[in-house]
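Per the working numbering, numbering through the sequence shown is continuous, rising by one, with the last residue being 151.
Possibly wrong hints are sitting among the right ones.
Using 20 Å as the maximum straight-line C-alpha spacing, the simulated SDA-like pairs for lysine to any residue come out as follows [to be verified]:
1) K29 - Q80
2) K54 - A18
3) K54 - L75
4) K97 - T69
5) K54 - D109
If you are wondering where the hints come from, they were derived from the structure by calculation, not from laboratory data.
All figures in this text were calculated on a predicted structure; none of them were measured in a lab.
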Amino acid sequence: MQGFYSVHGDSALFIARDFYRTLAVVKYLGGPLPATTPAAKTPGTTPKSSTKTGLPSVTLNRTLFETVLRALLLEGGQHSVELWEGSGSNWTVTKQASPGRLSAFEDELFRGTAAAVGAGGAAAAAAAAEVPLLAAVWLGSSEGQRVVG
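Construct the entire structure; sequences and hints are all you get.
So this is what it looks like as structure tokens:
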């Protein structure tokens, strides 16, 4: 995987709103430039038209990509994620995941927890992250002595 990822369409707008917390990071690919009034050509003024055309797109660095994956697949609702690779008009899906099928993105999802678990690797980190710890303690007394069991 490379150092950055791009997200397009409605998903890009979702990522911009929920993770970047601004639509200013959205770039519009293709299509004509938005129509503007003559006031837009005057320095110090803003365009009257806010119409955006083209395909909305945002880019993510690796850290934010992993954060988004965790939020969508581990903490979020019913989201699915696809990773496409290619160039030009030749693109193919290389990874797919949903909350019930995480194996394709195990390395990205559990990269931070693998170090905490130690030499167990991503599988051990995944197990540690998904299995709650439960302990039960019974306190009592027997022959005047306190018993923990």
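Going down the list of hints, with the structure as the test:
1. K29 - Q80: The given pair, whose Cα atoms are some 27 Å apart, is violated under the 20 Å limit.
2. K54 - A18: 15 Å, holds
3. K54 - L75: 30 Å, violated
4. K97 - T69: 17 Å, holds
5. K54 - D109: Between K54 and D109 the Cα gap is close to 36 Å, so the pair fails against 20 Å, i.e. violated.
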